[in-house]
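Q: Now for the letters of each chain:
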Amino acid sequence: MCVFTALHWATISPLLLAIIIPFIYKYVRQIHTGWFVLILPVILFIYFIQFLPTVSNGDIISNSVPWVPSLGIHFNVYVDGLSLLFALLITGIGSLVVLYSIFYLSKIKEQLHKFYVYLLLFMGAMLGVVLSDNLIVLYTFWELTSLASALLISYWYTRKKSRDGAQKSMLITVFGGFSMLAGIIMLSIITDTFSIREMIAQADIIASSELFIPAMLFILLGAFTKSAQFPFHIWLPDAMEAPTPVSAYLHSATMVKAGIYLVARFTPIFGGAAEWFWIISTFGIVTLLWGSLSAVRQKDLKGILAFSTISQLGLIMTLLGLGSATLYFTDGQNVEIYLAAIVTAVFHLINHATFKGSLFMSAGIIDHETGTRDIRKLGGLMTIMPITFTMSLIGLAAMAGLPPFNGFLSKEMFFTSVLHATEFGIFNMETFGMLFPVIAWIASIFTFLYCAVMFFQTFTGKFEPSNFKKVVHEAPAGLLISPLVLASLVVIFGFFPNILSKSIIEPAVVSIAPMLADSAYLDVDIYMWHGFNTELMMTIGVVVLGTILFLLMNKWVKLSIYKKERDPFNRVYDGLLAGVSTGGRKLTDSYMKDNFRQYLIYIYSFIVLFLGYMMIHLDVIALFPEVYAPIAFHEVTLVVIMIAGAITVAVAKTRLTSLAALGSLGFAIAIFFVLFRAPDLALTQLVIETVSTLLFLLCFYHLPLFKETIDSKSSQIVNGIVATGIGVLVTVLAISAHNNRYFDSLVDFFVDASYEQAGGNNMVNVILVDFRGFDTLFEIAVLGIAAIGIYAMIKGSIKEEEL
Amino acid sequence: MHPNDVILQTVTKVLAFIIVIFSFYVFLAGHHNPGGGFIGALTTACAFLLVSVSFDIETVKKMIPVDFKTIMAVGLLIAVISGVLPFFFGENFLWQTFDYFDLPLLGNTELATALVFDIGVYLVVIAVVLAVIFTIGEEQ
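Residue numbers (the numbering used here), protein chains in the order written: chain A, 1 to 803; chain B, 1001 to 1140.
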């Protein structure tokens, strides 16, 4: 059926609204454009909510519209637990972000139509990514998210930092996107389909294919660049130049999770392989540690949040990696511990979206109301901005993993998963598995630390009015609604986590590990209280050590490593960028010398080497044939004359000598034509040689005196070698071609037909005007063009003053 | 005018006609003997060149009071039309035919449509050679 269903319209509706927004902006100036935008994500959110009962029953909604059917590309929309989870995040947080942006961005100062067009573009693209079943469509939307993200980062395009950030995110994510495309194509080569579901059905075939590892690596590269995994995380902190609503939406809750989505989506295909397990877990855990270590060094609120996002994404990635072991053991042995990792990943995904969104919005409020985000200037805002303070406290406590907020639960579950990692008994986990809980624990300490730093530096201490350009006060109510909603969700999910478990987490887990759909292990139940166990001890350790570190801050802030804010990997990126541009220029300069002779040498050398190689390779050189026509004495004489003429042309000291020698060559050729019985050619050659010699003379008349340029020895040698090469090549080629003649000539036809069919005895002319008159027509056209060209060059030159 | 080149100019006056007539012969003979539009045109152009060398370019321009560029265009047009005409008889582009006619004075003569095409070639080549040489020559 070639009909768009409601789901299709829902997917592309943001793109359609994006078309209308500029008109609304132009004609309805008195109302903030954001209000018109806000309607759509709210409707979409409600629309997606109604899928919840269906999806939690384990049903899947799927609709297909052919797009390029001949290539197997269909616009398939497809809702299962994972898609629905992301769709709800996108539309839900999208609504809140639009609401927030209405109060954040000024109606008067900002170009709102651009902002909302980009934002809607992004929203539509993101919905497309999570709802598409067809990988090419998914890829299309994937790149659209990169594009929309770059546009949003450079929203204040007059600032250099915004443009650089946008360029960086674009380069890195598009690099990953392209490699993902390669992976997709490999998968489609193996399975002969672009549909993810059909690929999952053929997972065994994929696993046994030799393209399995390359396809996996390429797709993971795409996922890692998008989700800011180590070492591709460097674009995310620079993307903080975007307006805060964008940071809250794209760079914490949605786009950076596209990579997570991709990994989760491909787990049924690649999961169970040791490579998948190790790569994702390792990169995830390294990202977790690196992000949390780097976040501590940041002095900018959004900088801290950016690195914390990187770190949390690493956490989710680790869990997905560990959870992929579920697909290795499908027979029930220890399944619950791997499954717990996936459940935790999905749960933390939701939690992170809530608390990080509210934290970004709070940071935006602080920026908006104080004019700075620098934690060295901020301080003592607790009493001045009580609501922001409360929201931040909730968000930061959740991020640090403190009870009773949802972050605590997911952190406990995370610890459980990494602690069980040693028990996996597969993929050599018994040897390296110990590293996971250790690294995770260290990273958690630093997470606690930067949360504490962010909290205490911003809200406690002494308020210094001189640091701020504005009169600091609490934000208007409108700006507070969205973060308040998110913060209350943090609390609600903290106290009642099970409202999520059956409705959304379970279907999402089934999407990631489909073979467990009917399994008894799949019973998601999240408790606040686990009893006194190792995880709780680890959390207590985190709090204690984190507090100690925070109290000792005065000591270690003096370390030089703390002062450097920028991630060291930026130097690699900067070096690469500069290296590519200067290296590219140097490379081009090294051979593009604006020197015509140089280019001729390249061309001739290539001809000699390529043609020579092919002739040797194909073994076609045949210099000594059985039959040559007998060589007459006068022919030899004529050849000697021509050789003398040719040498004279080359070594002559004046132009006139060269010209005369050239003329002699031409006439000798005419004599050859006579000898070989070509009267028409001989006549034409004689006249043309005369006319062209005349023209040469005319030209030389105007030229300055002949200056002999003496080439350097080496270039003379090079020229000599190339010229000899060409000469030898053409000679060998001609003789070999003569000796490798496979077919009879067409000449018999013309001999017979020229009089009988065309009524002419002069076969040459009959061919020229009758049999192949088409060539002649265009040859005279060429002559005409040449004449007009000469005329235009000489008569039509534009005078200086006419320019 | 070069007033002192009396011998040259006198010889030219005679020779130019001979060359032109020869060139016409070469042009018309092309169907059966060596020659044809291209060579004929080059030879005719040489006659005009001779005149322009003995007298000057102005003289030649007076002799041919048409712009060379126009001749060039007309020649190309004739060649193209000779190619298009067969369409009206349901034939392909540039299809040629010939037949024998009893003409007054000339007797039984073969006339080929290829000649029309050749006239086009002839005009273009003359115009090109003269246009090139005169354009460059006038610049002096």
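Where hints are given, some of them may not hold.
Straight-line alpha carbon distances no greater than 16 Å define the calculated EDC-like cross-link-like pairs of lysine to aspartate or glutamate that follow [unchecked claim]:
#1 K1013/B / D1067/B
#2 K377/A / E275/A
#3 K299/A / D374/A
#4 K1061/B / E1138/B
#5 K795/A / D1056/B
#6 K795/A / E1110/B
Computed footprint of chain A on chain B, listed as stretches where at least three residues anywhere in the stretch have a Cβ under 8 Å from a Cβ of chain A [unchecked claim]:
#7 1037–1043
#8 1056–1065
#9 1075–1084
#10 1106–1116
Partner residues are not named here, just some residues of chain A that face chain B (Cβ under 10 Å, in silico) [to be verified]:
#11 L7
#12 G478
#13 Y591
#14 M592
#15 K593
#16 F596
#17 L600
#18 L683
#19 T684
#20 H702
#21 P704
#22 L768
Honestly, the hints are just simulated from the structure, not real lab data. Beta carbons: idealized from backbone N, C-alpha and C, even for Gly.
Q: Can you name, in rising order, the numbers of the hints this structure does not satisfy?
A: 1, 2, 5, 6, 8, 11, 12, 13, 14, 15, 16, 17 and 21
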